[in-house]
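Those protein sequences? They're chains V and W, same order as listed.
Letter 244 of the first sequence, counting from 1, is numbered 252 in the working numbering, and no numbers are missing.
Letter 137 of the second sequence, counting from 1, is numbered 325 in the working numbering, and no numbers are missing.
No lab work stands behind these hints: they were computed from the structure.
Careful, some of the hints might be misleading.
Quick look at which bits of chain V chain W covers, simulated, 3 or more residues with Cβ under 8 Å [claimed, not checked]:
| hint | segment |
| --- | --- |
| 1 | 74 to 83 |
| 2 | 116 to 125 |
| 3 | 209 to 219 |
| 4 | 321 to 333 |
Even glycine gets a Cβ: it sits at the ideal position worked out from N, Cα and C.
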Amino acid sequence: MRVESCLAQIGNRKDIVTGAVSYPVYYAATYGHPALGQSTGFDYSRLANPTRKVLEEAIAALEGGDGGFACASGMAAIQTVAALFSRGDHVVLSHDLYGGTYRLFEQVLARAGVTATYVDASSVDAVRRALRPNTKALFIETPTNPLLQVADIAALAKVARDHGLLLIVDNTLMSPYLQRPLALGADIVVHSATKYLGGHNDVLAGLIVTRGEELTERVAFLHNAIGAVLGPQDSWLLMRGMKTLAVRLDRQQENASRIARFLADHPLVEAVYFPDLPGHPGREVHFRQAKGPGALLSFRVVDPALVEPVLRHVRLITFAESLGGVESLITYPAMQTHAEIPEAIRRAVGVDDRLLRLSVGIEHADDLIADLAQALERAAEEVGRGRAKVLAEGERAGAPPSGREAEPVGTHPCGALSAAVRTGEEGTR
Amino acid sequence: MKFATRLIHPGSETDPVTGAASVPIYLASTYHHASLDEPPAFDYARSGNPTRAALEEAAARLEGGAAAFAFSSGMAAIASVLMLFSTGDHLVVSEDVYGGTYRLLTTVLARLGIETTFVDTTDPERVAAAVRPNTKALYIETPSNPTLKITDLRAMVAIAQRHGLLTIVDNTFLTPYRQRPLELGCDIVVHSATKFLSGHSDVVAGLAIVRDAELGRRLYAVQNAVGAVLGVQDSWLLCAASRR
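Build out the structure end to end from the sequences listed, making use of the hints.
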């Protein structure tokens, strides 16, 4: 069966008692035993919960793995997987990496004797050169966040096999609808399911999928021992979101491709990072292993002074961290999602003070483009005025520069929507 | 204020906008920033959530601590507290500690180079004798599970203070209604809130409460980095349970 059908059917008729189309939320912490030495399969909800189990089976099937594990957050999923390592172990990671993963390795695991090296994983040679006798795993994102660098999963799986390492892929940006790393030879997939899988910016969750019986058992042990499990209501909410993953992502990708082209042609934008753009360095590898570009893009404006006013002037797009939901969000990685990474490393990778990251939602592409256009235009006006003023005042009194104008922050534009719909203004485009 | 009153009025239970007497369930994973210079009070649900914050504030008040942290299970609370320690550190732990804690200490923590000595903590002399130069904490359950042995928490605090150790108490069995270890000088209280605190066999949750703000900052860093946080629906249920 195709992935769209599997997604829509998550949980349907899994409740054999009632035939409910939506699986119930089981709030029981514990379960009665029929007799000593007998179990219904559920003993204690940290170990297994019926609602969480339906979700775990669904993600395992979607990713083509042997075991699925739902965790309290994406970081809890990564931390649970990282508990496979012991003191003295070494891990090679993508250098363009989510800041939270970097923080976990540098601030928590380093204290426990687990070391890490960060490399450009789009170069198989760079990965190979970083290996040490005590290396136990490769941990990669592809495409990476926020620069959309592409790593060749199959080639890295071969490196991992040759050296007896685990290949762990953070598949958050693609989801199993677009990319299935286990089929390309990866051993473990992790997700911040808060992003595309949940898709509505309303649930915090992480998922792990493992390949192979022995590895599945080891992760199951850690999942229960550490106990960073996902609650039943959140499990249900995540399944509800996943049912529409394919339709959401189709629309989000279409919007993202249009926006990427708009930004690439914009005079205030120096560079756009998106796998679907011609000339994207990882384009060929990406489309060999994924069936779409995804809906996250980053762009570099020509002047760092534009960043602050652009973030203040977007009206439809929300200035907020996170990504993957139906609502479009814009972030400033250097100060937000990647603030944990030291400046020197960030800059070397390209996460500098001019880079903005856009998570494209399911709004109408024309509205999103219009919003970006007006925010860039107003930002440029402010920067121009600010510069002129600073020059004039600076010559007179040495006044500190001030690019901020006392101007009300843009109000949310959808207040006027119902009137527009009534008059047919919004319509058939 | 009497304990019963503190249970029903934990602090931030009234929604400031609507006046609702029960904290709303905030499902949002992220929050709008008005501008770069005006970050919102909550920016990302792992780092902070209003519903979870109401629960954490209530737990801190009930145990008499400076700060509290809610986790996805009792074991997630214990695992996160234990991640305060580093390779080469040593812990002295009650010998009949909960099996899940024993499992975590002897498998995951042992592999990360954090050592444990299990002793009969009902005897302070044995505890004192087990302390080594690299010992960082005493970890106590009292009454213990399942044999209900009693450890003298004041005596543990005296040993801990002599050697500069943290005293960590699993207070699952008594809850702050019947025992408040922080008031006796202990540093961290952990709970499987799945048990008496929620009391309805309907929510899996853990709590950790710390006596001083500096320890609170360290544990917050672990909670945010490791991310084993309690979901909002579960946070609300636990808030409601302690008032029902």
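Inset, instruction - Could you work out which earlier hints the structure fails to respect and list their numbers in ascending sequence? - result: No hint contradicted; all consistent.
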